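Use these hints to put chains R, D, U and G onto chain L, whose structure you have.
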Amino acid sequence: MSLINPAYLAMSSVQLGLLTPYLVLFFGACLALVLVVTPSARPDISVPGVMVASMAAALVGSACQVGAPAQALFNGMLLSDGFSAFANILFLGSGIAVTLMSFRYLKTQDLVFNEYYVLIGLSILGMMLMASTLNLVVIFIALELMSFSVYCLVGFRRADRRSNEAAIKYYILGSAASAILLYGAAMLYGSSLTLDIGQIADRAAQSGALFSPLLVIGLLCVLIGFLFKTAAVPFHAWMPDVYDGAPIPITAFMTTGLKAAVFLALVRVMASVSSAPLLTGSVATSFHHILWMAALLTMLVGNLVALQQTNLKRMLAYSSIAHTGYLLVGLMAGSATIDGYTAVYFYVMVYAIMNLGAFGVLTLLALKGDAGLELGDLAGLAQRRPWLSFALAVFMFSMAGLPPTAGFTAKYFLFYSAVQSGDVLLVVLAVLCSAIGAYYYLRVIVQMYMKEPVGQAAGTTRFSYSAALTLGVTVALVFQLGLFPSAAMKTISDFMKGPQPTTALVK
Amino acid sequence: MTTAAIFFYLFASLAIGFSLVTVLKKNPAVSAFSLVMVFFCFAAIYAILGAHLISALQIVVYAGAIMVLFIFVIMLLNADAPSFDFGRSHIALRVASIVLCAGLFGSFVWVFKNTALSPTLGTFTPDQVQSLGGNTKVLSTLLYTEYLYPFEITSALILAGIVGAVAIAKRGKSAKSPYSQGEA
Amino acid sequence: MVFLPGLWALLGLAIPNQNAKLIRNWTLAGTVATFLISLVVYARFDASLSSFQMTEVVPWIPGLGISYRVGIDGISLWLVMLTTFLTPIVVLSAFESVEKRVKGFYTLLLLLQTAMLGTFVALDAFLFYVFWEAMLIPMYFLIGIWGGKDRIYATMKFFIYTMAGSLLMLVAIFYLAYQFKLQTGQGFSTNLLDLYQVQIASGGYLAPQSLLFLAFTLAFAIKVPLFPLHTWLPDAHVQAPTAGSVILAGVLLKMGGYGLIRFALPLFPDAVRLYQWPMLVLGTVAITYGALIAMVQTDVKKLVAYSSVSHMGYVVLGIFSLNTIGVTGAIYQMLAHGISTSGLFLLVGMIYERRHTREIKDFGGVAKVMPLFAIAFMIILLSSAALPGTNGFVGEFLILLGLWQAAPILAAFSALGVIFGAVYLLWMFQRVMLGPVTGAENSKLKDLNLREMVVLIPLLIAVFWMGLFPNFWFSKMQPSVDAALTKYVGPAQVAQKVSP
Amino acid sequence: MNAGISMTSGIVVEPWILLSFCAAIFFIGLMGVLIRRNILIIIMSIELMLNAVNLTFVSLSGPLQDMGGQMAVFFIIVVAGVGSAVGLGLVIAMFRTLRSVDTDDIQVLKG
Amino acid sequence: MLALIPLLPLLGFLINGLWYASVQLRGGKALSAQTSGLIATGTIGTSFLLGLVLFFQLGSLPEESRAIETTLFSWISVGTLNIPLAFRLDALNALFVLVITGIGSLIHIFTIGYMAHDEAPAKFFAYLNLFCAFMLVLVLGSSLPVLFLGWEGVGLCSYLLISYWYTDPDKASAGKKAFIVNRIGDLGFLLGMFLIFTTFGTLDFAALKEVVAQTTPSAHIVTIICVLLFVGCTGKSAQLPLFVWLPDAMAGPTPVSALIHAATMVTSGIYLVSRVSFLYTLSHDAMMLMAVVGGVTALFAATIAVAQNDIKKVLAYSTVSQLGLMFLACGVGSFGAGIFHVITHACFKGLMFLGAGSVIHGMHEEQDIMKMGGLRHHMPKTFLVFAAGWLAICGIPPFSGFFSKDEVLWHAYSSSHGGTFLWALGALTALLTAFYMTRLFVLVFLGHSRSKEHAHESSAVMVVPLQILAVLATTAGLIGIPHLSWLGHWLMPIVGHVHLREGVAESSEWVFMISSTIVAAGGIAAAFAVYSNLKTAEGLRARFKTIHTVLANKWYVDEFYEALFVKPIAAISDFLWKFFDVKIIDKIVLSFGTVTNQSGALARGIQTGSTQLYAFMMLVGFVSIVGYTLYGIFQ
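Top to bottom, those sequences are chains L, R, D, U and G. Taking this note's numbering, the leading residue of the first sequence gets 1, the next gets one more, and so forth. Taking this note's numbering, the leading residue of the second sequence gets 508, the next gets one more, and so forth. Taking this note's numbering, the leading residue of the third sequence gets 692, the next gets one more, and so forth. Taking this note's numbering, the leading residue of the fourth sequence gets 1192, the next gets one more, and so forth. Taking this note's numbering, the leading residue of the fifth sequence gets 1303, the next gets one more, and so forth.
The shape of chain L in the complex, shown without the other chains (with noise of 0.2 Å):
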């Protein structure tokens, strides 16, 4: 027996290409990276504009794989397939966004680092790398990658405690968490003899007794390890504080991106556990059970505290937490339905979209040190900032799931998958929640349309091009999904060709 197998080494053109976007990213990252450490001109813009260029050549080049056949590369490690291209179009766009958003915010805020856009880059590419993969080792790893660098996102206001505090917290609990996450992974591996979930799932589809106690407490530790990055209740905590803390485009970055990326990564995984037997009888139940209440609770707790929050980044944060509990109803009936988790990458999708726009008018209103985001700031901005007012607006009414908006088709498939599973009782407690949920997303629209302005408030930003561009993007995005998501929704679906779930996660 030898030990090496040419198989993995051998690595085709088309394979090679596939790996594009990832490499362009990643030496895009370390060409930004000297342009930081050598004395060049101006690398304020320098900078962020190799990445916004890396990053949207990786786009570009993910988009480019769309429709080509599903391929496995690293022995298993690097699912590239249409998932994946959904996924790194996602994150990148949401990166570029994000880093066209921050580019006034940084200079208002006198906090021009550059490496600030590396660590950017760096940990889109953790993102691609996560949703991409089913190996636990390669999960964490990319977790761990996207993660460190928004660790320092989050403390970048090196000098404002509040920055420290977020970042210390998020990184604590982080850690504990990924920990948890790795134990899991250990176990699973003790269980079946393979870090690949795919592969787990095919012995089990094989022999069907792959089921031990060992197992199930591995998979719970997984789940709590991704529970904990989206938020889910009873592992949520974190979230508001450090949402408040982080500066606020990588606030924006976190609720979408991030976000994203953990959940995409999680629904990979449970497509994937869910289209074996690997999960039956009372342990079925069990695990439905779990995420039948995490994501009741998430619901509530997001929606409950949110209604509390005067802070508009708060706000958010816990309007963010309440939209964890929505994805985890789809993603509890995406196993259940035929068109699988295309309403939950939708709304993934749409989450994204309206976040990014409602942070991004955030960024511009934000006065120096992040002051200025109270509800109460907000009074009468409409009529000095009509445009901006009109955008806050529309995300808000997108993401309490008002029509003609993307949130609310973007709710609706989510509602209506998770009906065809049969869970009505939950889509009923879900659309109670989210008619709480419209009362804060309200409050704002109440302050800057319905309040006369008090005093000297948000608001006076200097306009600039790329947030502009930014808002505007995303606004059409918000009215053209919202209206025409036919469109869309067929592409996701074209996209998914690999996690394709055939069976129930529940009986």
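These are calculated hints, taken from the structure and not from any lab test. Heads up, some of the hints might be wrong.
Ranges of calculated distance between the beta carbons of each label pair, as one might list FRET restraints [stated by the list, open to error]:
| hint | chain 1 | residue 1 | chain 2 | residue 2 | range |
| --- | --- | --- | --- | --- | --- |
| 1 | L | Ala-487 | R | Asp-634 | 55 to 61 Å |
| 2 | D | Glu-790 | L | Trp-387 | 20 to 26 Å |
| 3 | D | Ala-720 | L | Ala-487 | 31 to 37 Å |
Quick caveat: nothing in here was measured; it's all calculated off a predicted structure. In this text, a Cβ means the ideal position worked out from N, Cα and C, and glycines have one as well.
Relative to chain L, chains R, D, U and G alone:
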């Protein structure tokens, strides 16, 4: 019980003891040193289990690099004074934490005891490993073949870690100057 | 046609803010044009068919069986006409009362019209829901920005209340679409005609069909609003600007009734029969309750708001009498209420603009100084009090007659509303309009100007036209009403089973 | 436990005992995170947890006759190293502004 | 041509009304009383002529098919319900048409003089015309809903006219009261109508009659129908218990009182029961109820009238009382007598009201009879015509009232539905009527003037109609002389015969005629005895102080209703609004919000910012997830 087993139990109990010290001791410096001891015990256990390369790495990376970092930071921050944080914690929360952890531990042990490992086994029997050149060689080969990919992305991780840690920890200089030069 | 106001609004956005006059005229032209188009629709409508006409189908989200499917039948035709008829009136009425943020106001008004029309013509449950919810947004702003002192509270209450109610309907729509797929194997469909074929298990008060019925009915009952879900209405009405109140009372409330006829009746026959009595009782309570409370109001607008509760109670009664006469009466009552209550709100708005108060006690003897106003007020009032010869009578008469065939005792009770209606309206009229002229402000009031007359006269004409020639309306809606009731016993059978 | 695994195939102690030992270390680490206020010690506790995981991998590697576990440990060690570097960087940044490494002092963000 | 009868006054209304409105809109000169009065009188007068023509046309038709019908358009047509807006003239309503248009025309003429100095006579004439139009719709309507259209329409006009001088809050209230009390009655009417439709499937009178004749409906249902309809009648025709609005309605201008509250509108109840007499005859119970209510009302109102001092109030209670007599007649099955009395009553009561109007006009709006007296000198013409009315209402032969009242009393005794008790009620009423009418007459016209005002005779335009009416009041009785009654024959096909009780000889009618004359004479004599000398009257009043107070305060009926209905309903409403609606329903609604908010605050409380607590929450989640699953496995 074999000699190896005896040594295992010895190091295991030492490890548990030192890790308790790490967690419970008031002085961070003491904790750090106990942690080093834990790492050494672990290295020994790795060796007992036949994972020689890991054992070596444990000493080099953990005890050598990471711990130095810790102690360096402890000294840098002058934070080696005994911290009395211990007593300030809510007693109920503390007790509950301990109880819950113990409960989890118990249930894990129950699981380990009552569960079967993977029914299929791998190909790397000790003999096989021996015939392929020993633990180190096998691992190294695998690292550059089967595990090339994670190895590569680890490099990105390290890059991110360095950039991040430096960006965060470097002396805040006048943020007014946009032409900052990183020290990395 | 549905999107004309919307497009018009977008074009209107191009007009600079300062040019309020142009915006006003532009909006007026747009709404009048819409009305003219609706006349064309009316002319092309074939009364002999019970099916939907002028349907347009554009696949929208084919994967989920959703398409943009619109069309009208005899029921929606009139509600569409009502909408297009009222909107120009509202636009005109707001010419002088809305001073701030004129462009926003009219843009929202036009968007609102689009949503309202869409709701009435939608033949796809999903599309219906989309318009239904989309309508909330402009209304939310109209109340919230141009409303009274407690406008924010009122608009929030309105919004959340309505939205919470309708979300359950959304779930029910999903469920139906899914059931259609299960039962026919043709894939999802939210096409209303497809959903009509879905059979859902019924039996108890909590059987699936009953639950679905309740989900739909909750949404509609809140909108109607049916006692005890009415408390948002007084707040919203009182705080809303006149135009908002008019649209709210004139059109929005009708959507509840329309929804009941369009969805609840044909979709859930068994559940409807099961819940017929509770609904009838609630309707009866609403009538008496609304009227009693209206009686003691001190704020004219609130009085009119509670009178809406009372009047819309009739609509529910008519619908749930489940016979042709009752349902026809209910539709007619919706139209009539749309005219008369709009008129009342307009009148209240006019006097509010002059005096900036709506407290009854602040007025007195206004008829002396504003005789034309008094005449108009009187006529609208009588219409609201269901005097024969006015539009209000026909609806209430038919509803009560239909209800009598279903439940004589309740009909007797709900007819009490006729008395109370006269009491609170006339009492209010007396206190506001009659008696000696009180106070210096009242004696200086100016009578209606030409614009206000132009606003009111179409309504006054409609009051009598609808009161004297209701067959003009009935003739077009008859086949559709019969079609909506096909799942219920024929009217002849109903007539026989009554014996006190 | 698997009866087929004998001492000759490199088994020193019963796997469940090994795993339980790892679990003990893991939960001691977790306990440290829970009851300590000093962030440095918390980070050390996290290292403990990771070490426990490492040992779990290694101790499974033997009975399963597979090298995957040991490979994983290789990467985990690297990640843990980078992680503690980042963590300590954050601690330094925090110490600069707060002059403290105590979690009680980071309670500004709440509610 | 038939349709023109109601449409002409409507046209008059439109001309006057729109003229008035346009004057308000653009300013300019208001129409004078002459012009507008001419328009109004012209239209109603033409209607009268048309009515006459049609009446004779009708008379020329054979008895069985004596009906002229015209359909304007289909009004409401839904499902099995089909209501055309159609008029049908037959023997019954032809009489009413003549009374309405005829007396209406006279009153219109009178009004020209009466309202000469009003600020907006055009408005007044518009209302009057509108009233006539609705009244004609009421009587001509071929089906119940059309009748109801007129029924409510006249109620509206009554409201508008009563509160015509709306700046006076009392007058405005009186109008409102009239409308609302009428509405209560209308409720009964509506329900009766519904029951008819559900039972017989039609609302058209002719068709209904056929259906009733063909089927044998359960007496139970017929009774309910009749009672419900009668409730409507008690409202419109001011019977117990809904009579309270009529005396207050005197707040309106006097021509209004004459036209609406004496001659026409209030008799529409009689018209209705006569119209559906074929139903009533099927239900003995309903008939009995009607007779008793009518008789009791008659007596009750007569007692009140004795103690009133306002000239119009006296006449109003007298009207209530006379209407009671009419219902008594109908209740005993003698619909013909009821209608006969309607006609004569229209003549003499219209006359008396207009006479009273003339007096009030002459006395400068003074209405208290205690402040009048001796007017025969100042207003001789009015005195004369009033005397004719007085004798007619007292029932002195050969004045019209004698014949009609006598027929009522006779049938009250002799009819198979009647009896001694009912007769006694009627006779007592007649006695009291003679008494209080004489009282009125004596106090107003005889004796000496007790007023400082200088009364003057009214103008010709007011006096001439009075004189015409006086002639009618004197002679109208001739159409219904017993045994030769033209009226009886004319109405026979519609209202049928009166069936006499067993053992009552037809011939004994003479006895009753004589006795009722004696009764009337007795009443007159008593009143003369008391009131020719006011001191005697004072003495009597002092002696029967309690009774007088009760009577002067109208048996406290208004206060009773106030306490029993108005106040409790207001209190309940207030309670419902301020407590139930705001404190309970809205609180429940808002409590959803509050609970949500509170639980949000609670959940927020966990978010203390403590890292350890967050970690602990994670641990709890960890434990519960693992524990739950293991528990499942363990099971």
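Hints, verified against the model:
Distance hint check: the CB atoms of L/Ala-487 and R/Asp-634 are about 60 Å apart, consistent with the given range 55 to 61 Å. At roughly 23 Å, the beta carbons of D/Glu-790 and L/Trp-387 sit within the given window of 20 to 26 Å. The hint said 31 to 37 Å for the Cβ distance between D/Ala-720 and L/Ala-487, and at roughly 35 Å that hint holds.
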